[in-house]
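*Asks:* One line per chain: the protein sequences are U and D, in this order.
The numbers in the working numbering rise by one with no breaks, and the one at position 331 of the first sequence is 331.
Each number in the working numbering comes from the position in the second sequence (counting from 1) with 422 added on.
Hints should not be assumed to be uniformly reliable.
Below, in silico cross-link-like pairs of lysine-lysine (BS3-like), each with a Cα-Cα straight-line distance of 25 Å or less [stated by the list, open to error]:
#: 1; chain 1: D; residue 1: K696; chain 2: U; residue 2: K318
#: 2; chain 1: D; residue 1: K696; chain 2: U; residue 2: K161
#: 3; chain 1: U; residue 1: K161; chain 2: U; residue 2: K101
#: 4; chain 1: U; residue 1: K274; chain 2: D; residue 2: K740
#: 5; chain 1: U; residue 1: K274; chain 2: U; residue 2: K414
#: 6; chain 1: U; residue 1: K276; chain 2: D; residue 2: K523
Everything labelled a hint here was simulated from the structure, so no lab data went into it.
There are 2 protein chains.
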Amino acid sequence: MQAIILSIGDELVLGQTVDTNSAWISQQLARIGCAVLAHVTVPDDQREIERAIADASARCDWLIVSGGLGPTEDDLTRQALGHVLGEPLELREDWLTELEKFFRSRGREMPASNRIQAMIPRGAMPIHNHAGTALGIDARLPRSSPPGGFCRIFVVPGVPKEMKGMCEAHVFPAMRSAGGGAVILSRTLHTFGLGESHLAEKLGTLMRRDRNPSVGTTVSGGIVSLRVNARFNSAEEASQQLERTSRECYDALGQLIFGEDGQTLQQVVGDLLKGKSTVTTAESCTGGLLAKMLTDIPGSSSYFSSGWVTYANEAKQKLLGVSDEILQQYGAVSEPVVNAMARNARLRAGATYALAISGIAGPEGGTADKPVGTTWIALATPEAIDARRSVFAGDREMVRDRAAKMALALLRFKLLGMQTPF
Amino acid sequence: MQAIILSIGDELVLGQTVDTNSAWISQQLARIGCAVLAHVTVPDDQREIERAIADASARCDWLIVSGGLGPTEDDLTRQALGHVLGEPLELREDWLTELEKFFRSRGREMPASNRIQAMIPRGAMPIHNHAGTALGIDARLPRSSPPGGFCRIFVVPGVPKEMKGMCEAHVFPAMRSAGGGAVILSRTLHTFGLGESHLAEKLGTLMRRDRNPSVGTTVSGGIVSLRVNARFNSAEEASQQLERTSRECYDALGQLIFGEDGQTLQQVVGDLLKGKSTVTTAESCTGGLLAKMLTDIPGSSSYFSSGWVTYANEAKQKLLGVSDEILQQYGAVSEPVVNAMARNARLRAGATYALAISGIAGPEGGTADKPVGTTWIALATPEAIDARRSVFAGDREMVRDRAAKMALALLRFKLLGMQTPF
């Protein structure tokens, strides 16, 4: 079972939109044991779409096409598919009725342009859309080999919500019921704080290319992740092997691994806090990002009640009682200032812990002593205050992101009762 | 001049990482008038990489390959390229010396595995890496037609910073100096608040598919953007036509268009505030996201000094003096509560404006009366307080994001002295 994922859209090949659909579809396909041969993206050009559909369908068993099903004139996927299949587009009256109902329920007439969204190539099956107006398409294109073989082509909208709804309700169930092939199971183990080659050294032969399960590293947003891929004939064997290799990674890295798969630092920290303690935040350069990360998690109200964004020196004084003297003497980006921010925030919020961040996010404001990226982070606990200076590489967004993540990482090790191992 | 962008990596086809490189490269290529025929992504599999390089280079003048240049065993791009070119890999002694120096300067021996990063196919040109350890590759692969023709292949690392550095210093200048071909100039006009088909109706024939410049719509993060693409033989004509069509879009949509290209709502709002007035924030469900957005902008300290995250009711009382009575009577997600949050935040921060947000971000907490997504946003000015109720669709992240953007949009119209037009 091999699949190709084809994304359609000028905005994608022009780089105006980042294609997140392909990554999501790939993740889901890995779970059902379907190997993805390639992602391909082409513009809203009927000939290019036709060519891409024809090329891809000759090489794979499943082709998932997203995008180009909108009501406007630059939406050409259904026409291109019809052409490749050699079938005219036909109106699905039942869906047209649904569409008219949908618009009426919002007190509007259906614009004439939406009619095309109820059309699919003759002989294809419609895929119901629970979140939008375009009908999806499920079609078969015969292949020369094996005899009687075909590529099954699913066309879904590019809007992530509609795409996901159709994939979950129709595409993946259809693929699962077809079954067969090797099973690939994957797990991703996330770390923060140490570089890729440093981790690779600790992992040693676990990273050998010919190993199965394989272990590879990727970096995204400062998070270095190990991806463990196990490819075996049975789900049971894949699962056991995946488990074994994952354990070996934990043996090599210990608590440097903070989470798995979809887990984030904020989630892991939240789980450690929940029902035991609370945290507050006092942010300067991160401007609310750390509080935002903590409250990314549903239910975070049980451990996060309030936080301060004290971006200006004056706000650090007025809202958090940082003294003018230490601001003058040491500057806002200094150990005494973050210590005072953390200490006072903890007391004022009545929280168990407080994290304070003050840094130079750039692009301006750096000096020889304190270059752009210099960040002080303090963690106040009932017993003490620790502060740490980091110099983060990258642009303003990266510095702010890494500073907030470092604060979460420091809190995590504190909650684990460990020294920070980097 | 046509290009294909090829990305290499298991993590990409497995969906563990979203490919942002291709979008960035595409954006830059559009500026130098190079049409992107396709994006292609394949796994860390030498045969698949070879096949993709061979296929793509037969169809385009420029092939930009990113990824698979790391020091580990799953990095196979340089081997694959060597194989397609029919050339062995050769060590570039000068780069090896650089690498050894780099590691020594950090007080470490160079790991043996990094040696491969100084190797490139014989006859190819190295591309210097200012941000990392892998050498890039600049090679030519002959094509059957036209006679003497070739595809120029650039290989750069997948790490965005290294990729960007090499593209800007070597790849794009090389492509620009080759010149020729039609010029594509693009502009994106951003709106927030009205849906895609609503905008399409206002734009009318501007969105006709056969128009040049063309106007298309895309939606990302609640922002509906019009992209205007002008494809002409001269840069001058493309520029004039782009200008004219853009003006027609403004005529149709007026201030619904808040910005262009890389501009964000927070930037536009910042520009309106700068030197004139200040703003503070009081956030419940967005948990700091609005303050974070405002401080995304370098120099935002001139109009943003402080903000509060009052996630719990108790924090709304303690930090912002919201009375227990109205919290009890109306609930945290209500007009009286956001009004009190905004009024008091404005006074306590001494700011011209205050934005307050309280909503149900979900997934829990919704009721029949106040479903998930229900959000009250208040804007306090020196004269008055306006509040507005919205029900945002989507998951927790979307609700929080749209709520923060709506707050910025409301402030923008206030600063423009206009009624909100939706």
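*Asks:* Mind listing which of the numbered hints don't hold for this structure, in increasing order?
*Replies:* 2, 6
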